[in-house]
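K.L.:
Just so you know, the protein sequences line up as chains A and B, in that order.
Mapped onto this note's numbering, the consecutive letters of the first sequence carry residue numbers 1 to 426.
Mapped onto this note's numbering, the consecutive letters of the second sequence carry residue numbers 1 to 783.
Mixed in with the good hints, there may be bad ones.
[As the list claims (entries may be wrong)] Simulated crosslink set (DSBU-like; lysine-lysine; CA at most 35 Å straight-line):
no.: 1; chain 1: A; residue 1: LYS144; chain 2: A; residue 2: LYS75
no.: 2; chain 1: B; residue 1: LYS196; chain 2: B; residue 2: LYS69
no.: 3; chain 1: B; residue 1: LYS409; chain 2: A; residue 2: LYS75
no.: 4; chain 1: A; residue 1: LYS367; chain 2: B; residue 2: LYS146
no.: 5; chain 1: B; residue 1: LYS95; chain 2: A; residue 2: LYS396
no.: 6; chain 1: B; residue 1: LYS95; chain 2: A; residue 2: LYS359
no.: 7; chain 1: A; residue 1: LYS396; chain 2: B; residue 2: LYS409
no.: 8; chain 1: B; residue 1: LYS405; chain 2: A; residue 2: LYS75
no.: 9; chain 1: A; residue 1: LYS242; chain 2: A; residue 2: LYS118
no.: 10; chain 1: A; residue 1: LYS118; chain 2: B; residue 2: LYS779
no.: 11; chain 1: B; residue 1: LYS409; chain 2: B; residue 2: LYS534
no.: 12; chain 1: B; residue 1: LYS653; chain 2: B; residue 2: LYS254
no.: 13; chain 1: A; residue 1: LYS359; chain 2: B; residue 2: LYS670
no.: 14; chain 1: A; residue 1: LYS367; chain 2: B; residue 2: LYS653
no.: 15; chain 1: A; residue 1: LYS75; chain 2: B; residue 2: LYS452
no.: 16; chain 1: B; residue 1: LYS141; chain 2: A; residue 2: LYS359
no.: 17; chain 1: B; residue 1: LYS33; chain 2: A; residue 2: LYS75
no.: 18; chain 1: B; residue 1: LYS779; chain 2: B; residue 2: LYS670
no.: 19; chain 1: A; residue 1: LYS367; chain 2: B; residue 2: LYS69
no.: 20; chain 1: B; residue 1: LYS452; chain 2: A; residue 2: LYS118
no.: 21; chain 1: B; residue 1: LYS254; chain 2: B; residue 2: LYS117
no.: 22; chain 1: A; residue 1: LYS367; chain 2: B; residue 2: LYS409
no.: 23; chain 1: B; residue 1: LYS69; chain 2: B; residue 2: LYS33
[Stated by the list, open to error] These stretches of chain A come out as covered by chain B in the derived footprint (C-beta under 8 Å, 3 or more residues):
no.: 24; segment: 244-255
no.: 25; segment: 378-385
Hint data in this document are derived by calculation from the structure and do not stem from the laboratory.
The beta-carbon is built from N, C-alpha and C at its ideal position, and this holds for glycine as well.
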Amino acid sequence: MTKLAPVLSAHWDEKDSFTIEAYTRHGGYKASKKALAMDPDAVIQLVKDSGLRGRGGAGFPTGMKWGFIPQGDNKDHYLVVNADESEPGTCKDTPLLLANPHVLIEGCIIACHAIRAKHAFIYIRGEVTHVVRRLNQAIEDAYKAGHLGNGIELVLHVGAGAYICGEETALLDSLEGFRGQPRLRPPFPAIAGLYARPTVVNNVESIASVPAIIENGAEWYQAMGTEKSKGTTLYSLSGHVKNPGQFEAPLGITLREILELSGGIRSGHTLKFWTPGGSSTPLFTAQHLDVPLDYEGVSAAGSMLGTKALQIFDETTCVVRAVLRWTEFYKHESCGKCTPCREGTWWLVQILRDLENGKGSEADLAKLLDLCDNIMGRSFCALGDGATSPITSSIKYFRDEYIAHVTQESCPFDPVASTLFEGASK
Amino acid sequence: MTTTEMVDMISLVIDGFEVSVPKGTLVIRAAEKLGIQIPRFCDHPLLDPVGACRQCLVDIEINGRAFPKPQASCTIPVEPGMIVKTQLTSSVAEKAQRGVMELLLMNHPLDCPVCDKGGECPLQNQAMSNGQGESRFEGAKRTFQKPINISSQVLLDRERCVLCARCTRFSEQIASDPFITLNERGALQQVGIYEKQPFESYFSGNAVQICPVGALTGASYRFRARPFDLVSTPSACEHCASGCDMRTDVRRGKTLRRLAGDDALVNEEWNCDKGRWAFKYVTATDRLTTPMIRNSDGVLVQASWPEALAAAAAGLSGHKSAVLVGGRATYEDAYGYSKFARIALATNDIDFRARLSSDEEREFLAAHIVGSTTTYRDIDTADRVLLVAFEPEEESPIVFLRLNKQFRKRALKVTTIATKLSIGVEKLNGEFIKVAPGAEASALSSQALTNKSVILVGERASESAGLLSAVAALAQTSGAKLAWIPRRAGERGALEAGAIGNLLPGGRPVSDASARVDIATAWNTDSLPSDIGKNTNEIINAVNSGSIGALLIGGVDPLDNEMSAQTLAALEKAFVVSLEIAPSMVTERADVILPVAAVTEKSGSFLNWEGRPRAFDSAVTETHNRSDLRILSMVADQMNRTISLGTVTAAAKEIASLGRWDGAKVSITKVSAPSVPSISADEAIITSWRRLLDLGTLQKGEDNLAATSRRTVAVISPKRAQVLGVSDGDTLRISTQYGSVTLPALVEDIHDDAVWAPRNSRGSQLLSQLGIAHGAVVKVAKV
């Protein structure tokens with residue numbers, strides 16, 4: 001059985017894990033020293049060799065992304081770290097930055113060196129003020145210690161609370177001071193990103209994974225994970241489980257294994273459905289307990305690894321209600337730029353609300369699916385696609401439950417039963 | 001166009017048909033070339049692609065590799081080997097388009113029966129062509145308070161908006177007036193203005209015109225008409241020398257709307273708010289409709305046409321007469337005045353420059369401008385543009401848009417020689433060479449221009465002695481292209497028609513005997529007067545001194561000249577025949593008033609600053625008003641000095657038959673610039689220009705438009721403000737021995753010795769209030 005493999009989270013249990021002292025005590029800032037002595041292209045090659053793929057959801061090879069930055073173009077290059085973690089269920093970057101902000105800072109230094117950037121920006125979700133404070137302190141300490149400020153500047157930018165700013169081009173617009181809305185591509189950020197300069201946008205976890213790779217080598221990293229999904233990653237377990245939290249394991253671990261390691265579903269209940277990577281990834285059910293949670297495995301089973309946010313729902317949960325909640329989120333967060341997402345989410349919510357309240361009809365299901373077909377792949381960015389995932393997948397697996405709402409003319413579930421406090425009282 | 005640019009052509013297949021288009025062409029436009037219309041909202045050929053509405057989705061395959069999902073054809077440039085399947089051949093594209101259309105209509109109020117756009121609405125039309133008859137939406141629509149004013153002239157019905165961002169992109173990308181933006185998000189996203197700051201732009205009407213739904217409407221047209229009740233006539237704008245192509249929409253004899261026409265070489269698809277909205281003067285209640293004669297008691301009384309024509313002919317025959325024709329006459333009308341002066345009055349005493357002018361200017365125009373061929377295209381290819389006594393945004397707005405386009409596209413370098421930095425030049429990031437009023441000529445010599453450069457010189461150059469001589473010299477030594485851009489639409493045409501004392505039609509110098517023979521032959525007359533005619537001021541002085549006894553005046557405002565007192569005295573003294581559309585200070589003093597047609601009531605043409613003919617047809621056919629030309633012809637007949645110009649067509653034919661002068665041109669007598677006056681602490685040198693929106697007579701009656709005009713202020717430099725103890729908003733008095741204006745102060749980037757105020761705005765009509773407008777010393781004091 002696959003064991004947990006804490007690399008990023010190795011020292012989170014220490015009381016002072018977030019301080020520069022603790023980080024240095026465990027060998028921190030050695031990797032950056034090593035990397036700065038290397039040729040930048042060699043650093044890129046090393047990251048390529050390690051097989052590290054983007055941890056923000058899409059899984060694009062990190063080293064390859066860095067390699068896209070044109071070299072010798074006499075332009076400023078920028079590194080932008082996407083810390084705008086806002087996907088419902090996703091909660092890996094926040095604890096990572098709270099417990100060990102310096103690993104991201106060191107990762108930034110290495111990445112900047114590799115892509116010949118002098119400036120890095122961390123775009124962080126504005127709501128997590130505790131993390132903002134902690135990261136600010138860490139950046140200050142890193143400057144004082146001389147890790148930053150000697151050729152590499154790091155700026156923390158606090159977002160104003162928009163899910164869309166997690167989309168990399170919307171993030172860049174927001175960072176430049178505009179309203180966050182996705183940009184037309186091409187040009188891609190690697191050619192014209194922040195301030196129209198070549199820019200790498202990476203997820204927090206991707207960049208934070210780099211110091212250990214530099215320190216231990218590509219082969220060490222390659223040895224973990226599966227054939228095409230290398231290394232370890234943070235799986236965020238939440239919902240109807242005994243012990244929610246972060247579980248760092250090699251890619252390819254299954255939900256069954258994680259549940260066994262963590263203590264399982266809350267007692268007296270059984271797994272009904274779950275998301276493999278946040279609310280934008282199509283739902284899984286108990287039949288997917290043994291799907292290897294790597295990029296290929298999840299994809300082959302009809303979903304996406306996404307952010308590895310494992311939201312667990314037991315049999316007390318009304319899937320229509322859960323999907324309605326998510327859809328309300330997408331409606332609220334649609335940026336408004338394109339028609340399918342803007343108008344579509346407005347409509348989807350109304351149909352789902354009727355269904356959940358027992359006012360829907362069977363024809364509404366067909367309408368929902370047709371609407372999703374008109375949104376999926378028709379919207380400007382992936383937000384619109386993501387909004388349809390919970391709907392289409394839930395109808396696929398739980399059509400009967402939707403029908404039950406129609407025939408009973410009400411929701412067959414007691415919403416209180418699904419609450420965590422209800423579960424705790426039993 | 002005579003360019004020979006080589007372009008790479010790319011071949012692709014759309015719906016089974018091969019088409020070849022220039023590299024960089026977007027798929028949606030390649031399809032247009034085949035006559036395949038892909039539905040669209042956000043797409044606009046003159047705006048950057050945005051891909052927001054998703055209406056134009058098509059299936060695309062490149063060299064056997066198909067895109068996994070339909071692509072927005074308005075954002076994708078063609079590539080070799082591309083195979084495109086539109087809604088006509090792809091069921092996926094067809095369904096995607098229907099789906100998007102249904103979503104767009106979902107929150108749309110479907111209030112077409114009461115919407116101004118109904119009947120000419122891209123949403124309505126495309127819902128019919130690419131949508132489905134029935135909506136499946138049964139829920140609650142998004143609603144908003146209706147409508148909101150985003151300026152006094154532009155109204156926004158947010159619930160109709162499809163959020164295509166055409167208006168906001170126009171404002172940002174074309175006008176550089178980003179005063180409207182998209183606010184909020186999701187389905188509540190909406191067009192909005194900044195808090196407490198309205199949509200201030202001289203070009204805001206274009207946003208209304210390109211709105212693909214009825215979300216943006218003009219206050220003056222809202223609820224006035226249904227598009228299918230309007231009769232549209234292609235027309236040309238009479239408001240300035242930019243030469244916009246226009247469309248005039250008339251219902252039952254009344255102009256209800258004017259729109260920018262489509263002319264890629266001139267205004268592209270844009271115009272300014274003045275051209276769009278200032279047309280109510282035509283239907284003003286005080287329009288002159290009947291001839292009038294001053295009777296023996298000195299009172300103006302209505303008369304029949306035969307009486308009036310006889311009185312005019314008698315008065316003009318009985319005195320030595322001169323002609324003053326304003327800058328708003330059409331080319332054909334100006335030709336009529338020109339021929340009338342020479343044939344009927346046997347004089348060269350004619351001048352179209354009803355404004356500040358000089359003899360240096362007259363020579364400059366004859367030597368360098370008449371027949372010149374600098375065009376908008378030269379701006380497109382210029383390595384640098386030098387502005388001299390010219391504020392494009394205020395004085396020829398489409399020239400501004402063209403400069404702005406090239407600035408945004410390729411960072412065209414614009415340099416202005418001026419006293420005050422203007423908003424327009426700031427938007428162009430222009431180099432500001434700051435000079436005292438009157439010292440412009442001295443700054444010219446340091447300008448390094450090439451034969452790829454363009455000099456745009458405004459009509460105000462005549463107000464600084466020596467400036468036009470210096471401009472001519474600079475153009476000659478550098479080889480730069482030269483263009484003179486007057487404000488009024490008729491001035492270039494009047495110059496070409498010879499409505500000026502030193503030229504006959506076609507640029508023929510009066511002083512040249514063979515030029516006179518040319519015209520005399522064509523006009524079937526023995527000889528033409530050979531003395532150079534008097535200019536406007538000389539004509540006024542001659543009346544006052546008694547050597548001229550009668551004036552034929554068409555479209556002149558005596559207050560446009562700094563000699564307004566002398567002009568009014570002359571009008572009292574002379575026998576005045578006035579051809580006018582509305583009562584004016586001239587008609588009040590006239591002996592015979594002959595009412596004439598306004599631009600929309602007649603056909604004709606203007607020559608814009610390029611010299612390009614801008615022909616227009618009569619938009620309002622139900623009118624009894626006649627063109628100046630027709631009336632002049634009747635007066636001439638009455639005088640037995642026939643000019644045979646009964647119709648505009650006849651005039652146009654005659655002009656064409658004359659051809660252009662190919663002999664020697666008038667040479668310019670170099671005028672050297674006088675030294676700039678020195679000033680004491682409580683004095684300044686005044687400078688001014690007319691704003692686009694001001695108290696101009698053609699803007700009469702359009703209050704919504706007037707409310708969008710810029711604030712009237714007196715501008716002084718920080719240094720002067722310090723000396724006077726003045727800060728922004730304090731009241732400043734500018735005075736001369738003649739009078740004063742009192743205005744709120746604005747401290748800005750202006751020459752330290754100068755003070756600027758608008759020339760003809762509310763509370764600041766410098767020529768009538770101060771008697772001067774540029775280059776003279778005035779007293780400046782804090783009030």
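K.L.:
State the violated hints by number, sorted upward, taking the hints as numbered earlier in the document.
P.N.:
The structure breaks hints 2, 7, 9, 10, 11, 13, 14, 17, 20, 22 and 24; every other hint is satisfied.
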